[in-house]
Every structure is written in C-alpha cells, then in structure tokens.
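Undergrad: Now for the letters of each chain:
There are 2 protein chains.
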Amino acid sequence: MPPPSNRLCVHTATTKPWSLDECFAEYPKQGVSGISIWRQTLEGRVLADVQRQAIDAGLQVVSLCRGGFFPALSQTARQAAIDDNRLAIEQAQTIGAPVVVLVCGAVPGQSLQESRKQIADGIAAVLPVAQQAGVKLAIEPLHPMYCDDRSAVNTMKQANAICDALGSPSHLGIALDVYHVWWDPDLQEQIAIAGRADRLTAFHICDWKTPTTDLLNDRGLMGEGCIPIQQINQWMEQAGFTGFREVEIFSNQWWALDQREFLKRIQASYIDHFG
Amino acid sequence: MPPPSNRLCVHTATTKPWSLDECFAEYPKQGVSGISIWRQTLEGRVLADVQRQAIDAGLQVVSLCRGGFFPALSQTARQAAIDDNRLAIEQAQTIGAPVVVLVCGAVPGQSLQESRKQIADGIAAVLPVAQQAGVKLAIEPLHPMYCDDRSAVNTMKQANAICDALGSPSHLGIALDVYHVWWDPDLQEQIAIAGRADRLTAFHICDWKTPTTDLLNDRGLMGEGCIPIQQINQWMEQAGFTGFREVEIFSNQWWALDQREFLKRIQASYIDHFG
Numbered sequence: 097m098p099p100p101s102n103r104l105c106v107h108t109a110t111t112k113p114w115s116l117d118e119c120f121a122e123y124p125k126q127g128v129s130g131i132s133i134w135r136q137t138l139e140g141r142v143l144a145d146v147q148r149q150a151i152d153a154g155l156q157v158v159s160l161c162r163g164g165f166f167p168a169l170s171q172t173a174r175q176a177a178i179d180d181n182r183l184a185i186e187q188a189q190t191i192g193a194p195v196v197v198l199v200c201g202a203v204p205g206q207s208l209q210e211s212r213k214q215i216a217d218g219i220a221a222v223l224p225v226a227q228q229a230g231v232k233l234a235i236e237p238l239h240p241m242y243c244d245d246r247s248a249v250n251t252m253k254q255a256n257a258i259c260d261a262l263g264s265p266s267h268l269g270i271a272l273d274v275y276h277v278w279w280d281p282d283l284q285e286q287i288a289i290a291g292r293a294d295r296l297t298a299f300h301i302c303d304w305k306t307p308t309t310d311l312l313n314d315r316g317l318m319g320e321g322c323i324p325i326q327q328i329n330q331w332m333e334q335a336g337f338t339g340f341r342e343v344e345i346f347s348n349q350w351w352a353l354d355q356r357e358f359l360k361r362i363q364a365s366y367i368d369h370f371g
Numbered sequence: 097m098p099p100p101s102n103r104l105c106v107h108t109a110t111t112k113p114w115s116l117d118e119c120f121a122e123y124p125k126q127g128v129s130g131i132s133i134w135r136q137t138l139e140g141r142v143l144a145d146v147q148r149q150a151i152d153a154g155l156q157v158v159s160l161c162r163g164g165f166f167p168a169l170s171q172t173a174r175q176a177a178i179d180d181n182r183l184a185i186e187q188a189q190t191i192g193a194p195v196v197v198l199v200c201g202a203v204p205g206q207s208l209q210e211s212r213k214q215i216a217d218g219i220a221a222v223l224p225v226a227q228q229a230g231v232k233l234a235i236e237p238l239h240p241m242y243c244d245d246r247s248a249v250n251t252m253k254q255a256n257a258i259c260d261a262l263g264s265p266s267h268l269g270i271a272l273d274v275y276h277v278w279w280d281p282d283l284q285e286q287i288a289i290a291g292r293a294d295r296l297t298a299f300h301i302c303d304w305k306t307p308t309t310d311l312l313n314d315r316g317l318m319g320e321g322c323i324p325i326q327q328i329n330q331w332m333e334q335a336g337f338t339g340f341r342e343v344e345i346f347s348n349q350w351w352a353l354d355q356r357e358f359l360k361r362i363q364a365s366y367i368d369h370f371g
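Chain order of the listed sequences is B and P.
Under my numbering, residue 371 is the last one in the first sequence; the count climbs by one each step, no gaps.
Under my numbering, residue 371 is the last one in the second sequence; the count climbs by one each step, no gaps.
Because the hints were derived from the structure by calculation, they are not lab data.
Just so you know, not all the hints are guaranteed correct.
[What the hints assert, rightly or not] Cut-off 16 Å, straight-line C-alpha distance, at most; resulting in silico cross-link-like pairs (EDC-like, lysine to aspartate or glutamate):
1. 112(B) - 122(B)
2. 253(B) - 285(B)
3. 125(P) - 152(P)
4. 125(P) - 357(P)
5. 305(P) - 245(B)
6. 305(B) - 310(P)
7. 305(B) - 282(P)
8. 112(B) - 139(B)
9. 112(B) - 354(B)
10. 253(B) - 282(P)
11. 253(B) - 282(B)
12. 360(B) - 320(B)
13. 253(B) - 294(B)
14. 305(P) - 310(B)
15. 360(B) - 139(B)
16. 112(P) - 314(P)
17. 253(P) - 282(B)
18. 112(B) - 357(B)
Throw the hints in and build the complete structure from the sequences for me.
TA: In structure tokens:
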C-alpha cells in the first residue's frame, strides 16, 4: 500500500509517554498518516485487533520496531535471539506491519568482526520466515557510538555488504536513520547503491543537537540540530525511495513535555521541511 | 629521537588537575618516559624553558595538543584559525615538540563537505610554516559523534585522503586515537595504507566504556572497556609504527580521584597490555 501524499509517520517511541490507544487517537489529529509500532507498546494487547484499530484510526502501520540483537557469547543465547526474531516477524504479520526493523546487536568484548559474522548468520536464519510471512527485514545501521553493545553495523556500506553477501534477497532491505549516518562521507554513494538494489525500505528522521548531552535520549526535533535532512531526503528520492518519512525522536526533554504539544511541533517541523 | 623502550607517554590532559610542574615531577616516578603537552598547561610559563625542564625531569616531549579547528563561517575567522595554528607550530618548536596534533574542526550547520574543504585549505596554508619549523602536523580523525562541532574528519580513510590531496608532504601525518576509530571496519586496511606512506605519527590509547555516560569526558582506562587495543597496536606495529603509546583519557571520574593513584593505575594497565 503506497503512503498517503504527506508521507508523515511517527514512531510510538517518539511519544513514549502515550499508550498505543493514545497514539491511535492523537496522531491523526496532527496530520500523521503512518505509525511505526514499538513492540513494548503491544504488551497486553490482542495483536489480531491492532491492524483494524490502526485502520479505523486512519493510520497505516509502517513497521514493527525492533528485531535484531543477533550476536551473543553462547550458541544458546544466539538461538534465543533467532527465536525472538521469528516472533517479531509473526507479530509484524499479525498487526499488518510490512517491515521489521533490525537493530543488529553487538557484545562488549566480543570482536566486531565476530559480531558482524553472527549478525549475517542470524539474518540468514530468519530470512525464510520473513519471506514466508511476507514481511521485509530492514537492517538499520546504527551510529558508531553504539557499536559497543547495540550494533556492529554502523554504515550504509556495511548494510549493503550484508545484503550482497546474503544474495540480495527480496525480503531484506535497509532502514536509513539520518541520526546514525549523516556524518558518513560515503552516504550519498551508498544510498544510490541501495536504491539501485531496491533496498531502501525505511527512512527515519530527527536531528543532532549541539551539544548532545546524552548518547541515547537527546535527539532533536527536525530543525533543532545540524543534520542536512533535506539533502539526505533528496538523495533518498533520487535513489527511488517513495515511502514514509518516519519521525523517531528519543528525547528525555521532549518526553517531559505535553505530548500533544510535542506532536504539534513535529507536524510544524515536518511541514517546514517537506511542505 | 627514538622513544625509550617502554614507549609510555601521558597527556597532560589525562591528569588535568595537575599543573605542568606536577606532571614533570610525578610522571617519571611511575615509569612514564614521554609527555604530550596541552597548550592550556603552558599558560603563564616561559616557553623557552619547557624543553629543558622536561629533559631534566627525564621526559621526552612527544607532541603539542592541539591545533586545527580550521572551518569557520567567515574568512576572518578562518584566517584567525590559521594564525592560531602558526602560533601552535611556533610553540611546538620552542618547547621541542616534534608534532602538533590537529583536531580539524567543524561548524554546526555548515555542510561537512564545506568544512572538509576548509580543513584541507587550512592545513595547506600552515604546512610551509610547519616545514620551516621542523614540526610535523598530525591529522587526528575524531569519532563521528564529534562531527557536529569538533571535526569533520572522522575516519582514517579521510585523513589519508587529505594527505594524498595535499601531495603527501613529509610534514603531514596522522594521529590515530583508538577511541575515535576502533569501530571502523576499514581500520586495519587504512592503518596499512598510512604506514606505507610513512604517515603514522602518533598513537593515542584509552578505552570505551559500556555504558558511556558523557560524550566528552567518560573515557576509560585501558582495560575498562571494549576497544581491542592490543589488536590495533599490532596493526600499528605491522605498519611500521615505533613511536610512543600516548595515554589520553578525558574522564570526570578519574579526574575526581587522587592523580597519583590514577597514574599508578595507568602504569599497571599499560604493563598489562604491553609488557
């Protein structure tokens, strides 16, 4: 299903204080047409009802966040990760999410080379499940500051290389988050490569604040920082991407405010950037 | 002058609470044989006396930190940066430091492409001064999390490219800090390239803690984190590097403790890693 013309999606983690019901009720009031659902917000719900509830609210389910975290020190733990990814794919299928975003994982003290190998192996293990379910997996390169314990995949080039190594399967793509990759001198080139291989599966936006005071939860609203969001958006479009632009902002500061006010600011900033 | 066999150097910023005189007095007691001097610690001193004081203390001056910060929004500010780098080179010559480390700079909101161009232009402008003074400039790639306002040069590959673009001059090299580059999948290859071009000028060590709670001042003592320091050291040696290993730890936690105790821990950790 193609996105509505404004292509504005919000992640439930962006409005973390809200329940999924509150997201369903509030997002459409501010012109949001897509929702990316974090697994935590599904706890305690009847999954089979979620897609209908989203449609009734006027929202398209864009992705489920998140699978991944494949590397681990023991075979048992790696198998548990694979099992959890199978579950995530089932959940995505049930709620009608066409994509599961993969935060690939890393283990402090295990070499990045080994973690990268375990990531490729883990993805290979769950790809048949994804294909069977009609769900696409999207490798999200994470900023190098997260390579100790969140992801050993830190550039678009690495994500492209994993897709290549696995034979460029149709159910494997890449989720580009401007926060993680904006610094990369190879970014434009690697977006173009991903586009030619039809891998551009998701596009996350937010901003990088100066100074950034917390490694995890001090992301900025678009316009608060220095990421060339419109430039990267242009590169994505030139590479053929036509999907949602997903607002994913982890911010202690924004979470502390009234979330309706925050959502209004998101809409205004989005219109500023994309009309 | 080749370094003594233990090759242990400490940056004055590592023991930030100490004056330069305290560094001179305390470093040799813990087996430190080299000192890298931060410009702040030179304030109020007669520069012409510093080299003699270091030699009398039994310390070799390894580098002066830091020059760089070339990009700026106005031509006037860029010229001021060039003038400051000329001054840093003069200071290095006066205190007998063979190297000035360059933290290249960046301007939030100015494109990284433009900042990178201004960095190359700035280095080109001061290279003749460095050559005249017999001082080597060392480009230090900084972690991508600092590309907003500290350096638009974030990988060894970029540093090698700048050296290439400027004609690989003999007075331009690279300072590798494990903290900034350990995540890079191209690291081994780019170290080898730099080695073949005789560019490996400085080697900074510390560790990456999980979790890291501050973007600037939460570096770890070697062994406290997950950087494969010995692996990177091996790559450096295979590439021909024989210089000092410089301990550069910015840490609110370590600065809050007794600095003699900290220095003992540095020595113990260094011996653990390098014998």
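Undergrad: None of the hints should be skipped; say for each whether it holds.
TA: Structure-based check of all given hints:
Among the hinted pairs, residue 112(B) with residue 122(B) is consistent with the structure: their alpha-carbon atoms are about 13 Å apart, no more than 16 Å. As the CA atoms of residue 253(B) and residue 285(B) are separated by approximately 9 Å, the hinted pair is consistent with the 16 Å bound. Taken as a hint, the residue 125(P) and residue 152(P) pair is honoured in the structure, with Cα atoms around 13 Å apart against an allowance of 16 Å. Of the pairs offered as hints, the one joining residue 125(P) and residue 357(P) holds, with about 12 Å between alpha carbons and a cut-off of 16 Å not exceeded.
This hinted pair checks out: residue 305(P) and residue 245(B) have alpha carbons roughly 10 Å apart, not beyond 16 Å. Proximity of residue 305(B) to residue 310(P) is assessed by CA-CA distance (about 14 Å); at most 16 Å being required, the pair is judged to hold. Taking the CA atoms of residue 305(B) and residue 282(P), the gap is near 28 Å; set against the 16 Å cutoff, the hint is violated. Our distance criterion of 16 Å between C-alpha atoms is met by residue 112(B) and residue 139(B), whose separation comes to about 14 Å.
Proposed proximity of residue 112(B) and residue 354(B) is supported: the alpha carbons are some 11 Å apart, at most 16 Å. A C-alpha spacing of about 11 Å is found between residue 253(B) and residue 282(P), which places the hinted pair at or below 16 Å, so the restraint holds. For the given pair, residue 253(B) sits about 8 Å from residue 282(B) by alpha-carbon distance, which is consistent with the 16 Å threshold. For the proposed pair residue 360(B) and residue 320(B), the alpha carbon gap of about 15 Å is at most 16 Å, so the pair holds.
Of the supplied pair hints, the one linking residue 253(B) and residue 294(B) holds, its CA atoms being roughly 15 Å apart against a limit of 16 Å. Proposed proximity of residue 305(P) and residue 310(B) is supported: the alpha carbons are some 14 Å apart, at most 16 Å. At most 16 Å may separate the alpha-carbon atoms for a hinted pair to count; residue 360(B) and residue 139(B) exceed this at roughly 27 Å. A C-alpha spacing of about 14 Å is found between residue 112(P) and residue 314(P), which places the hinted pair at or below 16 Å, so the restraint holds.
With a CA separation close to 11 Å, the supplied pair residue 253(P) and residue 282(B) stays within the 16 Å bound. About 14 Å separates the Cα atoms of residue 112(B) and residue 357(B), which keeps this hinted pair within 16 Å; it holds.
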